[in-house]
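4 protein chains.
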Amino acid sequence: MPGNSFGQLFRITTAGESHGPGNVVIIDGVPPGIHLSPDDLRPDLARRRPGQSLLTTQRQEQDEPEILSGVFDGRTTGTSLAILIRNTDQRSSDYSDIRDKYRPGHADFTFDARYGFRDYRGGGRSSARETTARVAAGAVAKKLIHEAFGGQVLAWVSQIGPLKASVPRPEHVTLQQIETLPDGSPNLVRCPDHSIVPQMVALIDEVRRDLDSIGGAAQIVATGIPPGLGDPVFDKLKADLAKALFSLPAVLAVEYGIGFGCCELRGSQNNDDFIPGSASPANPQAPPVAVATNRHGGMLGGMSTGAPILLRAAVKPTSSLAREQQTVTRNGEPATIRTTGRHDPCLLPRFIPMAEAMTAIVLADHWLRWQAIRPH
Amino acid sequence: MPGNSFGQLFRITTAGESHGPGNVVIIDGVPPGIHLSPDDLRPDLARRRPGQSLLTTQRQEQDEPEILSGVFDGRTTGTSLAILIRNTDQRSSDYSDIRDKYRPGHADFTFDARYGFRDYRGGGRSSARETTARVAAGAVAKKLIHEAFGGQVLAWVSQIGPLKASVPRPEHVTLQQIETLPDGSPNLVRCPDHSIVPQMVALIDEVRRDLDSIGGAAQIVATGIPPGLGDPVFDKLKADLAKALFSLPAVLAVEYGIGFGCCELRGSQNNDDFIPGSASPANPQAPPVAVATNRHGGMLGGMSTGAPILLRAAVKPTSSLAREQQTVTRNGEPATIRTTGRHDPCLLPRFIPMAEAMTAIVLADHWLRWQAIRPH
Amino acid sequence: MPGNSFGQLFRITTAGESHGPGNVVIIDGVPPGIHLSPDDLRPDLARRRPGQSLLTTQRQEQDEPEILSGVFDGRTTGTSLAILIRNTDQRSSDYSDIRDKYRPGHADFTFDARYGFRDYRGGGRSSARETTARVAAGAVAKKLIHEAFGGQVLAWVSQIGPLKASVPRPEHVTLQQIETLPDGSPNLVRCPDHSIVPQMVALIDEVRRDLDSIGGAAQIVATGIPPGLGDPVFDKLKADLAKALFSLPAVLAVEYGIGFGCCELRGSQNNDDFIPGSASPANPQAPPVAVATNRHGGMLGGMSTGAPILLRAAVKPTSSLAREQQTVTRNGEPATIRTTGRHDPCLLPRFIPMAEAMTAIVLADHWLRWQAIRPH
Amino acid sequence: MPGNSFGQLFRITTAGESHGPGNVVIIDGVPPGIHLSPDDLRPDLARRRPGQSLLTTQRQEQDEPEILSGVFDGRTTGTSLAILIRNTDQRSSDYSDIRDKYRPGHADFTFDARYGFRDYRGGGRSSARETTARVAAGAVAKKLIHEAFGGQVLAWVSQIGPLKASVPRPEHVTLQQIETLPDGSPNLVRCPDHSIVPQMVALIDEVRRDLDSIGGAAQIVATGIPPGLGDPVFDKLKADLAKALFSLPAVLAVEYGIGFGCCELRGSQNNDDFIPGSASPANPQAPPVAVATNRHGGMLGGMSTGAPILLRAAVKPTSSLAREQQTVTRNGEPATIRTTGRHDPCLLPRFIPMAEAMTAIVLADHWLRWQAIRPH
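Residue numbers (the working numbering), protein chains in the order written: chain A, 1 to 376; chain B, 377 to 752; chain C, 753 to 1128; chain D, 1129 to 1504.
Extracted from the complex, chain A is given alone in its bound form (with noise of 0.2 Å):
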């Protein structure tokens, strides 16, 4: 499995570049029986979509998926089922530049050291727009987890360079609080502190006005997880949803729960003691048992624990930027580059459905682990 999949029973695989024909996901073990047509993958494309903002690239894409098979009379069928979304505002001419001579941060000496050579038109396989298969795909895992047992993915902007947000609650924010704020308008930063979104907003212009780029964190945050779900030892949940947001482009960390903070603290100022719960109806197997606290972000030993499943995820500033930057051709010989091309300011905004829908395919992953292999 040369690395275009991912999830072993909610297992998508995608294939596209920035500049080719379009972008297209097959997806395998999708249940028969979900009701799904187009307007279930828009909103997220929409969210994914370049464009959206003077904040984010200037790349026009409609992002307009169809839906090639698995879908019978509105229904999946449990056969594959294929999304493609084809690109239409391709300008190859913008990277010509890129050929010969390596972006720092980018991905185009390692493309060259891997492969002999690279479709250089856009970062071809290595441009951020290969996560649009990844979103029409976590739409389609969205709604799955939904119907079998209201679970729910919401994720959002944390941070933008040394500015933080302040979200006491994380598990009572909601899409609408992330995507609009209160006067209606749309959030572009994709925060619901309201109070710091007009300062991430200028800091962003800031820095695209200095032909420069900024970096940010995200939280994810997973509700509605009944107990139990995840494999121990080397497919725990933690790990799979690790390499999930790891596999994201930009990612540099990814922590859960208490993350970093634990290295500082004793066992007894950790653990979050155990109290009587309620039965949980996805999984009226588990004991009666919640969890006081959630320093341990939901799960333990690598599996649910039916407490919200908190992560978060650091992204670096975009490594393209329009100003002069030190690097070498593909000769090895010295050169400056100045990235012509149009490229988000900050990554973060559009990284969110990202994260939402690779965090949403992992739970629908182990949703059906789950049930082939439970109590006999």
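Just so you know, the hints here were simulated from the structure itself, not pulled from any lab data.
Predicted model only: the values in this text are computed from it and were never measured.
Beta carbons are placed, not taken as given, at the ideal position from N, Cα and C, and that holds for glycine.
Warning: the hint list may mix true and false statements.
[Unchecked claim] Facing chain C, a subset of chain A residues (Cβ under 8 Å, in silico):
1. 13
2. 15
3. 66
4. 118
[As the list claims (entries may be wrong)] Short derived list, chain B residues pointing at chain C, Cβ under 8 Å:
5. 385
6. 408
7. 409
8. 450
9. 454
10. 666
11. 745
12. 747
13. 750
For chain A, the structure is supplied; the task is to place chains B, C and D on it using the hints.
Using the frame of chain A, we list chains B, C and D on its own:
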């Protein structure tokens, strides 16, 4: 694949519980012709072994490996290699109290939620004892990557509680510095910053006497890695390494390169310039290119750049405590629990060989994958 | 992996139904640098195409392939390669009768038993139309094994009903003999024993006019295969080839070498003697050994010997018949059915490119696997 | 996955050689709660055991299984289950002659071509001794499918050389008929047509005294299989069963239902009519439909119909012969060889439990897959 295998081509499958007859690993994908004997496995097993010092659990296991197959006349045959490590010092009576109560921070509850019941003796399959099999397999992986391309993996303790080591040039740290103090005595905490070792030892001893535990962090460094290792999209090297480390017990966070530090940086601050480099002996096809700095942690686009791979993992404080904690029974009734078994006051010193093993296994796997699909 | 993928390293994943928008295949594991264009895919797609003669279904499809990704500047890039073949001649009204009744010999009932409902238009995903995607992928596999080691795969019709071809030296048969008669006209049945072709054509035409169908057998030969391809134990070359052929619709039996003929032989009659041979250019490490005869069909211990690989598959008569048959409705009530859609009176002529494709895909997969794990 | 694993969800991974310390299997995907002890494994291991009669090899092995993990308090835990069977009667000196010569019909040459060298003692990993691990795993699979849906798998010898058994109603054959003759003595050839058993015994004894061997065929029947098991396209039940059987040593051909007999039939002769049936307890969603006849061997579209699954496999005569044969050395020089080790004059009697095991493993795997992806 229900979770007891890891890797695609260099693939390990493990079985075994804390108090069963033993732990076994089958390694599939070991190339033929590598010289291998139990002597190659013993050093890392000894580093992982319980009872090695007062800072670790006092369970006494010799962890003697038996190679059951896959080696003939001292060389690997190319067929599946099995290694068995028997348990010898089980004291199941120690654990009878945890049959009906859930230890806070532990996998007892989630195992019951997943499987309906559990092997409660010493945590069964959730015990870190299962990592014995991983460490044995990791020793094989280390040998493979060293013979194949001169690769080396080292890990060490970089933080215990608030105490942080200072290691300015991680790529120059030696196994000797990690394992031995200047006076020739064993470096019990496996921290190469010897100036802080006494404080770390004192802190662990303090929490131990306090019937408590303490968290910390580990640094992992892989050197000699040729540029181009890894696959784009889902099986990025960073993604597989993150999954590998998160699959280890008690890991709550993983970062590579500048990690969470990237959130606050601008692209112009974060990008590492490319500079002229020399050809890589292990990948002569790669362009003669190097990076001036290493904020990127040796990976771009999910593939290695040839710079040292730098990872950091957070390990929570041991959940099992000899002091009283609040919990519930299997029926959800409030209870108190005091775990009287033998436990590590700090997991970090024994975590080191586990982290090295998983890192080496990922590198070995991607080395084989790289050989399979190369420029034609 | 719920069944729509095949292969480990050269891995195809398909989607598509008979009457949906089209069929798509994602091929993962194509090495970079292979020259590829739609022209490489068209010949085998044309051989599989419906409507090519009076002996096949009259559905008219151009089966024009669109390469969606994985090729740049005329060469494969090493990343996933997607091919889309749109359906253009669906006539769904033809199939309305089969919505509520089960066609004898068909997958209608088992699909309902598996998934609760089905896309009944033309058989949906159970239609042989899904093999379009396989044949496109097979053309890529053929190109890979030919460039990598000079391997070639050919198949032909060896039997139609009671009519058996005589082909004394299968390894000398050419594509020309399979596709074209001596007078330059198309060899409609794809049998290289031209003396029996007229009878075969007449028999197929007779069953067609009789509103019936007829079974037959295909011979598959792979030449130029270096010794040592395949893996011991579960992924024996013979096992993967058998799975590949049995995964094709209507295949009821597969044998290799002497096949069922071995039941009656003694070891002294069946064993093929080894004789001195010459070195294999594609596997210079293999000893200079050959086999005097080829009852073993080119494989011993599940690995290739360097002798031609000889396989034979039985293909049942088309299940869909325009004549009346006894069946039941979805509610289990007795009914009669007459399938009025367009069907092949004999599946064999169009089965040939499918069998070649699946054989080539297995060989490509094992070639990559062989490169990954070799003598060290 | 380099070839030592089989199955997706009920997944076995094996290791071990003929003359190493032993054979081990790790079974991943055993649902929790199944009662299991070594007593469940011993009967089939005894049926596979060498030395059980004069018709088999005289190597003496007790084949006592040790369950290393995955069972607690007599029940499976849901985590990986490992079984070790030690070798005790290796006589490596018997095999020293085959170090430098290739036995005709054997895997010696292909192992050298694949790996550069081989464990030549008793055939190493190519020895049928590796099937010990499969048979142990098969016993677990048998127990699972029986508890889950009342499924049963039986196999028997249907042909030895020219001697063919007559078994008019294969679905009514009992284990008793296969294992025991009417007079209570063991049925050494495992053929339920007791009228032909004496001739079969005599023939095997004759070829044994003649320093020769003889081929044959096995019939496999699976009953109690609910309709709808299997997946369409690549993982058809017939495809996975074929791979399972072809992965066994010496199998040259597999057919199901009417098999090669379909070549000569018309569709109107071959199709089995559907008739009203009753609901399947194991799959209540399946329509109440049955088939009037069973030329289709219990599978349509690659999924089970509820009718008995009927398979037939051809097994070649043992390659190792005590008589002189022509061969070459590793250097390609002509030589003669006489294999003086202990070998079965006919593989069929001991093949039976192997065939049952692999069939049961496929059914167990698809049962779990079916539970994972069902109507929503």
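The hints, checked one at a time:
Annotation: interface hint on residue 13/A holds; nearest CB of chain C at approximately 4 Å, less than 8 Å. A distance limit of 8 Å between C-beta atoms decides the matter here; for residue 15/A the minimum to chain C is near 4 Å, and the interface restraint holds. The interface hint given for residue 66/A is met, as the beta carbon of that residue sits about 7 Å from the closest beta carbon of chain C, less than 8 Å. Look at residue 118/A: its Cβ gets to within about 7 Å of chain C, closer than 8 Å, so that hint holds up.
Because the beta carbon of residue 385/B sits about 5 Å from the nearest beta carbon in chain C, less than 8 Å, this interface hint is met. The interface hint given for residue 408/B is met, as the beta carbon of that residue sits about 5 Å from the closest beta carbon of chain C, less than 8 Å. Look at residue 409/B: its Cβ gets to within about 4 Å of chain C, closer than 8 Å, so that hint holds up. Taking 8 Å as the C-beta cut-off, the interface hint given for residue 450/B is violated, the closest approach to chain C being about 13 Å.
With 8 Å as the threshold, the beta carbon of residue 454/B comes within range of chain C, its nearest partner Cβ sitting at about 6 Å, so the hint holds. At about 23 Å, the closest approach between the beta carbon of residue 666/B and any beta carbon in chain C exceeds 8 Å, and the interface hint on this residue is violated. Hint status for residue 745/B relative to chain C: holds, with the closest Cβ pair at about 7 Å, below 8 Å. For residue 747/B, the shortest C-beta to C-beta distance to chain C is roughly 5 Å, which falls under 8 Å, so the interface hint holds.
Restraint check, residue 750/B versus chain C: the minimum CB separation of about 6 Å is within 8 Å; hint holds.
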